[in-house]
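With the hints as your guide, set chain B onto chain A.
2 protein chains.
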Amino acid sequence: MKDYFKVDEWKIIEEGFDPLYNKIAESVFSIGNGRMGQRANFEEAYSGETLQGNYVAGVYYPDKTRVGWWKNGYPEYFAKVLNAANWIGIDVNIGGEQLDLAKCEILAFRRELNMREGYLKRTFHVRNEQGKEIKVDAIRFCSMVDDECGAIRYTIIPVNFSGDLIITPFIDGDVVNTDANYDEKFWDEVKKDHSNDGAFVQLRTKKTGFGVATAMKFSLIKNESFIEFTSSPVEKEKYIGAEVKLQVKEGEAITLIKYATNVSSQNYPADALEKRAADVLAHISQKGFDTMLAEQAVAWAQKWKHNDIIIEGDAKAQQGIRFNIFQLNQTYTGEDDRLNIGPKGFTGEKYGGSTYWDTEAYCVPFYLATAEQKVARNLLLYRYKQLDKAIANAKLLGFNNGAALYPMVTMDGTECHNEWEITFEEIHRNGAIAFAIYNYTRYTGDESYLTDYGLEVLIAISRFWAQRITWSAQRQQYVMLGVTGPNEYENNVNNNWYTNTIAVWCMQYTLEVIDKVKQDDIVKYNALVSKINFKETVETDKFKDIISKMYFPADEESGVFLQQDGFMDKEQLLVSDLPSSERPINQKWSWDRILRSVFIKQADVLQGIYFFEDRFDEDTIRRNYDFYEPRTVHESSLSPCVHAILAAKLGDVERAYQFYLRTSRLDIDDYNNDTEDGCHITSMAGTWMAVVEGFGGMRVKDDTLSFAPLLPKEWRALSFQIGFRGVLLNLKADKIGVLIKNISEQSIDIMLYNIKYKVDANSELFIKN
Amino acid sequence: MKDYFKVDEWKIIEEGFDPLYNKIAESVFSIGNGRMGQRANFEEAYSGETLQGNYVAGVYYPDKTRVGWWKNGYPEYFAKVLNAANWIGIDVNIGGEQLDLAKCEILAFRRELNMREGYLKRTFHVRNEQGKEIKVDAIRFCSMVDDECGAIRYTIIPVNFSGDLIITPFIDGDVVNTDANYDEKFWDEVKKDHSNDGAFVQLRTKKTGFGVATAMKFSLIKNESFIEFTSSPVEKEKYIGAEVKLQVKEGEAITLIKYATNVSSQNYPADALEKRAADVLAHISQKGFDTMLAEQAVAWAQKWKHNDIIIEGDAKAQQGIRFNIFQLNQTYTGEDDRLNIGPKGFTGEKYGGSTYWDTEAYCVPFYLATAEQKVARNLLLYRYKQLDKAIANAKLLGFNNGAALYPMVTMDGTECHNEWEITFEEIHRNGAIAFAIYNYTRYTGDESYLTDYGLEVLIAISRFWAQRITWSAQRQQYVMLGVTGPNEYENNVNNNWYTNTIAVWCMQYTLEVIDKVKQDDIVKYNALVSKINFKETVETDKFKDIISKMYFPADEESGVFLQQDGFMDKEQLLVSDLPSSERPINQKWSWDRILRSVFIKQADVLQGIYFFEDRFDEDTIRRNYDFYEPRTVHESSLSPCVHAILAAKLGDVERAYQFYLRTSRLDIDDYNNDTEDGCHITSMAGTWMAVVEGFGGMRVKDDTLSFAPLLPKEWRALSFQIGFRGVLLNLKADKIGVLIKNISEQSIDIMLYNIKYKVDANSELFIKN
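Protein sequences appear in the order of chains A and B. Residue 12 is where the first sequence starts when you use the numbering used here, and the numbers rise one by one after that. Residue 12 is where the second sequence starts when you use the numbering used here, and the numbers rise one by one after that.
By construction, these hints were calculated from the structure, which means they are not laboratory data. Glycine is no exception: its CB is placed at the ideal position from the N, C-alpha and C atoms. Only true hints are included.
For lysine-lysine, the following DSSO-like pairs were computed, each having C-alpha atoms within a straight-line distance of at most 27 Å:
id, chain 1, residue 1, chain 2, residue 2
1, A, LYS75, A, LYS218
2, B, LYS22, B, LYS132
3, A, LYS400, B, LYS599
4, A, LYS599, B, LYS75
5, A, LYS599, B, LYS400
6, B, LYS406, A, LYS599
7, A, LYS406, B, LYS599
8, B, LYS75, A, LYS361
9, A, LYS542, A, LYS553
10, A, LYS298, A, LYS314
11, B, LYS196, A, LYS196
12, B, LYS361, A, LYS75
13, B, LYS599, A, LYS75
14, B, LYS542, B, LYS400
Cβ pair distances, simulated, as ranges:
id, chain 1, residue 1, chain 2, residue 2, range
15, A, GLU547, B, LEU584, 24 to 32 Å
16, A, GLU195, B, PRO30, 29 to 37 Å
17, B, THR189, A, ALA403, 28 to 36 Å
18, A, ASP199, B, GLY220, 38 to 46 Å
19, B, THR189, A, LYS218, 22 to 30 Å
20, B, LYS406, A, GLU195, 31 to 39 Å
21, B, PRO30, A, ARG594, 52 to 60 Å
22, B, LYS406, A, ARG594, 13 to 21 Å
23, B, LYS406, A, ALA403, 43 to 51 Å
24, A, GLU195, B, ALA281, 36 to 44 Å
This is chain A alone, in the form it adopts within the complex (with noise of 0.2 Å):
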């Protein structure tokens, strides 16, 4: 755990420049705006540590795949997240020397994300070999009004001497993907062009084709008024600048504005790029940065009113929220129902920026209560879209009759992951996609999603359910073999509770669906069941001999589910039998070893308790904590939450703050030594989960929000809005009660402590301890 950025309860601040942790810096600064985003590499030449990245959404390269055996099924290409082209560049020359940190004396040095109005700043004092001192004052940011923009101020002031400088803004597509698996470059040049005061680049990615036009549009201002200059274009490879060469005098400010844009062919025809680019570029530019960055904060002001979490007495608590909540939205916007939350969103390249189950069980919840219900429901449509390919997907597998294994990993809806005892059998995934569309309706009460899309993923889901599973004449039970849980610390067992339990639930809810939607609209259904060609009663019948005869693996003797077969032969050892020094075990064990350990990487019964918690009593939830959690590592980042959410419903309240700490300040404080490859965007919603359901207790029942806050010793106050079927809710909890607003015009019945209150429109409800 490293403390090296200051607490602030809503910024990020580095004060001091320290090479050994830029690249954490670059991943914990970025800026995005659900379109793009960047890391927060620096505008002018950097030779030390970096890890460049520029992003725009859905824009990806299928690189070929390298394995050195195959398994017949695997996929040859994984979806990557593509570094596009560098848009913030301004290379700064001073007498001949060219500016770059990594070669300079660094007198001051302070970067800041601003998360509060959206931006990103970064001031710095150097000296360069020759001597020569200037001062930088640099503010960009990816627009949340103009998506496809972003723009920067930089501000040159020479300290102490006068002379020549030359300002080169440039656009440069040159770029590689540091995890290319034949360190190919993914982006073919299309054209480019200079201008006086802009240039344009337009590239278009191997394979897949798509174009990306980058343009910039720049100003220069000198004493407070824009200047005239002659630039010269640079010209290379993919790459273009704008040369301006300058005269300067000591204490003079000379600032240049330049404005960038990232117009992709997702959106508009290739051979419109260029003029989509110069009609943005217009646009913003006339606008001005001032009233750029001005939209900026009224944006994330509007944001931050139905998002904004507020932990009194613990700013290091606060902060940790804060980032969470400002990454996740920099991230996911809901606007595009082709886009999804990748692991690193735009942050990084790890992962390949692709969609996992992160989304299903961790994110919707979020988006859910904190945006529109559109967000959360494009989050659906987006797998419902793909649910062809998953049908394709398991096809491949051996399965037939439409069922539907949605993949591990994908971009497209094609699976490209590749590790057979994740890519093939971690198929719990197909649960919670299932899982998502019941939390949506819970949550929004939009049962006409079900009726036009829900069903015939559910179907498609239990129909591949239905075949994965297979009877044990030696049981006379259904059994589920080969499978690897949410706990991946366990590769291909048998009977994984959790996957069972999944499995049979998605059956039970697909009977209870078609129910639902045969009384609804059976037109619907019946054109829905010619579609599918849906065998109602020899299907049906199939998911109830399943649902009645699905065998379930249990410890009598220490009245637990048990993770899988075969658990209990284990060394039973705990967490705490684990010197420090063989922790993380999946840096210093061998996979053997870790396998067949005792060890849990995350939340694989306490996922299923979690999920279904209405399920079951509080002894028997305890009963399984208790055995659980003592012998979970908590590796992986989505560990933490769930276990917080628990711990505070079994009243552990101090257990469930550490829990908290460490989820949300996992990327701040660098806790995995792994922040340096981008931010663990899924697992921030997990922190949010962890405030809003485990200290604030909030659930939804038969169309009801409920709420129980418990706080932790440290927090003065805890507050936080969450949005419900049309109303916006603000509630905070403190030492003496729970205030919950209604700040709509619309009343609601909730429940706080299990009594039934009625919040009337615009006004509030105060309970005191």
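Showing chain B alone in chain A's frame:
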């Protein structure tokens, strides 16, 4: 199954040329002498489909592996058998046109592997694009006498023209491995040289730094006389040729004799290689091609005298077994204890040509019975010498106190395999290595090996098992979790019966050998104890505790040993339930489907029953055979032989015969559609076992050889030679009876059909049926 090659008892014959079969033929017609070997590539250029392969034993390259995801403890390198310099090359140019069978009209073509005398012969008659016809007659071999050498006699007859003929014998070191992970070339040039009648290229492998000098010397014959000639050098990178321009007359034969040598820095200092190559070439060219060829025939006659198996009345079976014996002798001669037997020998690159457990489980019995004692002993010493690395390997995986885990695949003792389910979990290989020590001692009676080497290996292996096996508190028994058994169609299973069985056997045998060595040589024993810090009482108590409390899975109902925990939960299908369109399952099914199916790749429980046959009554063997064989798809080349032996033992000689045919003609008939990659060398030893242990019923028990011949109805007679403790026996079984000749100066007691007989020196025993 293909029927491409002609059936002949002593030859493999290809009549006519089918380019589609060329890579298969290149594998099948491979030649070698244990020190070097090569695929049956053409001497002249060939632009069609071919897999170039020249190999020098023990020379390998650690190719950096590239997998999508790393598990802790994976090796970074995979040691590959190197495609070395092409020494056979003879470029032929007729009237300006390069001879290339892919571009000629082929009027006649015949390729023939003479197994009796150990050479490859090829004759063809072609018409080139200009209409010029030539006949070629080419013979080549890798000398068994001069084992660093090969020689070629290449005769060209212009059939319908007189004119220019250019012949360029060459050495080409600019070769690639088709399985290179990074399309990298593995050799660097050190130096090269040309003389009028020869050429020399010295190369060095990257990383490993092996030096290999490949050199040639040639002469030309016209009208049965050597002719004078002038050659001009042709030089390219790592290539050197000697171009000779000739005028030929219609019908007049021109013969090129090419002598070649590979000398390696494994045997001489790198700077002495050039001199050594020149000396060797001088020696063999002095001798002359005809003498070398005659010596080759004598050397092979000597081999066949000890090795041959004669099957009368069944030419296909005869050809099959001879081909297997021939290839085994070409691959490993036992002269050098640094060498071993790669799964493809010198016939292809696949599997890296390294050492697998195949050596101990399948090859040791063959060499024990058919070669001098030192040959099997050298195979054992190979592992002894790598014990330190096996201990280091185990340490990487978390074991200590001198526990050894031999690598799954190796060239020099370090692990170079990287699929976690195999590398880390297919640990039964350790058992086979211990079993080979037992087998060697049982066969040879050489107990000094135990004292000097064997016990040290056995203790290290038992230490591994004692740590790998864990205590199940719930069962109150020892268990072994997370293994892959011989049946690789199951991964990461608990309590594989075979692995549990051989592990416990290892500990039992180690205890026995400890007692024996203590009695035989307490001084050496004490030295060993101190060398390896063996805490005898504590450690043997642990072994004994495990032996007495080990859990072995079994199914009460069917009375069979269970392949692993949970096996009866599978859908109990039989191979006969599988439509042929679904087979082989490893090409038709995804990996997860294979894993959760009941289908077995190769003998697993039955491998254990084969090894420890004496422990089980015939009913038990039959029950297990009847249960497992119908579930076995035999998709490993190592599967049919063990089943043949068990079927023969159980009296089902016709089923045994079917297994035998499949294993013995696997490559000739390209059963598995993969002979183009190379021949299945190690399974060839299994074929030998199928004949001698299966149909011959040979066993060794209590220092006595026993036989119980049982012939398939297709065979008139079966005879084979067996060397046993200084005695050479020839056994011949036919419809009338069994004739055993003792061809040695020493009498021997043998068992025939469970009755004891004495066979005097140089006499014979005939027992009528």
